[in-house]
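K.L.:
Protein chains in written order, with this note's numbering: chain A, 1 to 364; chain B, 1 to 364.
Since the hints were derived computationally from the structure, they do not count as laboratory data.
Where hints are given, some of them may not hold.
Same chains, same label: a pair holds when it works inside one copy or across any pair of copies.
[Unchecked claim] Pairs of lysine to any residue, SDA-like flavour, derived with a Cα cap of 20 Å:
#1 Lys320 x Arg270
#2 Lys290 x Glu70
#3 Lys295 x Asp11
#4 Lys290 x Asn204
#5 Lys295 x Ala74
#6 Lys295 x Arg66
#7 Lys172 x Leu150
#8 Lys85 x Glu127
#9 Lys320 x Leu100
#10 Lys320 x Thr71
#11 Lys85 x Leu7
#12 Lys320 x Gly119
#13 Lys290 x Asp206
#14 Lys320 x His274
#15 Lys121 x Ile362
#16 Lys121 x Asn103
#17 Lys320 x Ser115
#18 Lys320 x Gln176
#19 Lys290 x Glu80
#20 Lys172 x Asp307
#21 Lys121 x Gln96
#22 Lys85 x Pro297
#23 Lys121 x Arg23
#24 Lys295 x Gln342
#25 Lys121 x His62
#26 Lys121 x Val217
Protein chains: 2
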Amino acid sequence: MPLTYELLTADSHARRGRIHTERGSIETPVFMPVGTRGAVIHLDSRDYENLEIEVVLGNTYHLMLRPGAETIDAIGGLHEFTSWKGHMLTDSGGFQVMSLNDNVRVDDDGVTFTSIYDGSKLRFTPEDAVTTQEKLGADIQMALDVCPALPAPEADVIRAMERTHSWAARAKASHQRADQALFGIVQGGIDPALRVRSAEHLANLDFEGYGIGGLSVGESRVEMMPALNAALSQLPANRPRYLMGVGDPARIVDAIGAGVDMFDCVLPTRLARHGTVLTSHGRVNLRNAKHARDKGPLDPANPMSRDFSRAYMRHLFQMKEPTAARIATLHNLWFLLDLVAQARRAIEQQSYGSFRASIMEIWG
Amino acid sequence: MPLTYELLTADSHARRGRIHTERGSIETPVFMPVGTRGAVIHLDSRDYENLEIEVVLGNTYHLMLRPGAETIDAIGGLHEFTSWKGHMLTDSGGFQVMSLNDNVRVDDDGVTFTSIYDGSKLRFTPEDAVTTQEKLGADIQMALDVCPALPAPEADVIRAMERTHSWAARAKASHQRADQALFGIVQGGIDPALRVRSAEHLANLDFEGYGIGGLSVGESRVEMMPALNAALSQLPANRPRYLMGVGDPARIVDAIGAGVDMFDCVLPTRLARHGTVLTSHGRVNLRNAKHARDKGPLDPANPMSRDFSRAYMRHLFQMKEPTAARIATLHNLWFLLDLVAQARRAIEQQSYGSFRASIMEIWG
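Let the sequences and hints guide you as you build the complete structure.
P.N.:
In structure tokens form, the structure reads like this:
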């Protein structure tokens, strides 16, 4: 098996674990930064090492269109292409296929869409997602799922879920690379009963890990948690659980408390580019005029930015200097990576409840 | 005296020297990257250290308008503002004042111009340039000069030169900071006789160093050299000579051969952002389709980029990923810093002539 999950310690539902792969191991819970087009925006693999990132995401949608999965395959895969020795995970491309343009038609067999790069009409099936991701060559690939925009009528949510189930089975049947893990994705909207059905169905297909998709797409944290708990209740304890697209501190600590092991999100890097940094006292908008002569650092705890004053960062953001977005990106990623590192320690020390409470005081 | 020049070795006219300041020392010939608005675009002071940059330039025009010299002064000066412990030099602002917009009026007393940031009408005199740069607080400041766009009628070149001389004397009279050096600037277009007159005039004013301005502004390398040689012939041997705005390899090695000690240029960083890198085999345009599957590095000699393939860089440039511009910026700066380091060694070894010839084979 290309990927196994080892549970080290639990504190109530929170899990401190370790994922083992042919490449090495991943300490969980883990936050995985997103390198959409083969690079985390403003960073390169040397920065990933400095940040001690364990897993970098790649977006199949973008990479299969530019430079193309064949090109990346010819170069030796995503690791070689991006010069990154750590772990990689590719999403299935489904989320972008279905959200990045209006001319999308999903049928039982697959999805027809137009490329955002050149407007060409393209067809994509669960089997295509598997073979494309095999060419990209990440350590973990995701089965193609159908993710309806919420809120949606129940019938749409059910149809999307059932297609996701059928596509998951097809993905598993077509997946061949023995050195690459395949994760199935649980859907079902925010209805706990549907989430139970979906997780049970996926678990019976026996994947090496499970994504929980279609959450944090507009619903509140309070609406999200019952659906998440319902899904987790049906997933096997000896497999990693990955809550897709969730990156705000409150949701992360809640989800870790519920038993989630893996997270990814573009939020910290996107916020950074807009001048918002995550600090131990909450969000700070560096564009604010009050920082104009503030000699203090963004957050004295954060080694990625503590050389630089808020005054300097505010000036660079006002001037649209890319240096600002880069420093803020390093800052925010360090913040979230440190947050999950703190969560890991809290679970080890059986103090996850009080850790969660301390985070909620600021981010809840 | 805040700045002295020590001549270590000469090889014909080429000088291997060391500038001593209250901050430390600068090995010359030196290439000084430009941090226009307080940062070299895409980089920060940690990168300057990794590149072993000795002097970073700041543009007075941009900094006095945004965030303002008073703000930088309040924070403790440019070093504190940019978190940079190495040397800094500020230009006088004159070049940008006179080139960045059309509504410029130069008279004997100073220059009236409109801000590119908010269109406000502003007045700037040689005394203003001195006090503004004293507030910015770099180790070296430049006297305000008048730099006519070439080609220009001889009368215009002479009038600009004579104003520059009068402004240089006024700058020297108003300069007060004992911990900051003030350099005068030689003008005179491409006419060697005018350059002799200008350099002689400036030398008699006795500055701590001399800029040679108004060259490499459109004229060819062959046209530039007689004017440069004429200026250098009148400058004192015990002061550093700074050829302003020159950054292409051929001109740099020619100018070092003529006795220039200091260089700055935005060319390597601007080229980098457009996908062009300087290599030991010449310029390479990374956007070219032929690199699409090229696994080779940009230049195996360059430690700033050798982790990354041309295929990866081409892809990132096609996608306008800022990571590409950053890596190429580091690459090009390393190239030019290494070029002048090679020049220093060649002078020490009395082999500057053959070094120059080897560079000209590729860049001449």
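K.L.:
Decide, hint by hint, whether the structure agrees.
P.N.:
Status of each hint after checking the structure:
no., hint, in the structure
1, Lys320 x Arg270, "both (15 Å within a copy, 16 Å between copies)"
2, Lys290 x Glu70, "between (50 Å within a copy, 16 Å between copies)"
3, Lys295 x Asp11, "neither (41 Å within a copy, 47 Å between copies)"
4, Lys290 x Asn204, "neither (56 Å within a copy, 48 Å between copies)"
5, Lys295 x Ala74, "between (49 Å within a copy, 9 Å between copies)"
6, Lys295 x Arg66, "between (42 Å within a copy, 17 Å between copies)"
7, Lys172 x Leu150, "neither (27 Å within a copy, 69 Å between copies)"
8, Lys85 x Glu127, "neither (27 Å within a copy, 56 Å between copies)"
9, Lys320 x Leu100, "between (26 Å within a copy, 18 Å between copies)"
10, Lys320 x Thr71, "between (33 Å within a copy, 18 Å between copies)"
11, Lys85 x Leu7, "neither (24 Å within a copy, 48 Å between copies)"
12, Lys320 x Gly119, "between (30 Å within a copy, 19 Å between copies)"
13, Lys290 x Asp206, "neither (54 Å within a copy, 44 Å between copies)"
14, Lys320 x His274, "both (10 Å within a copy, 18 Å between copies)"
15, Lys121 x Ile362, "neither (46 Å within a copy, 46 Å between copies)"
16, Lys121 x Asn103, "within (9 Å within a copy, 51 Å between copies)"
17, Lys320 x Ser115, "between (29 Å within a copy, 17 Å between copies)"
18, Lys320 x Gln176, "neither (46 Å within a copy, 34 Å between copies)"
19, Lys290 x Glu80, "between (45 Å within a copy, 19 Å between copies)"
20, Lys172 x Asp307, "neither (49 Å within a copy, 35 Å between copies)"
21, Lys121 x Gln96, "within (15 Å within a copy, 49 Å between copies)"
22, Lys85 x Pro297, "between (32 Å within a copy, 17 Å between copies)"
23, Lys121 x Arg23, "neither (37 Å within a copy, 62 Å between copies)"
24, Lys295 x Gln342, "neither (28 Å within a copy, 39 Å between copies)"
25, Lys121 x His62, "within (15 Å within a copy, 47 Å between copies)"
26, Lys121 x Val217, "neither (26 Å within a copy, 49 Å between copies)"
Violated hints, in rising order: 3, 4, 7, 8, 11, 13, 15, 18, 20, 23, 24, 26; the structure is consistent with all others.
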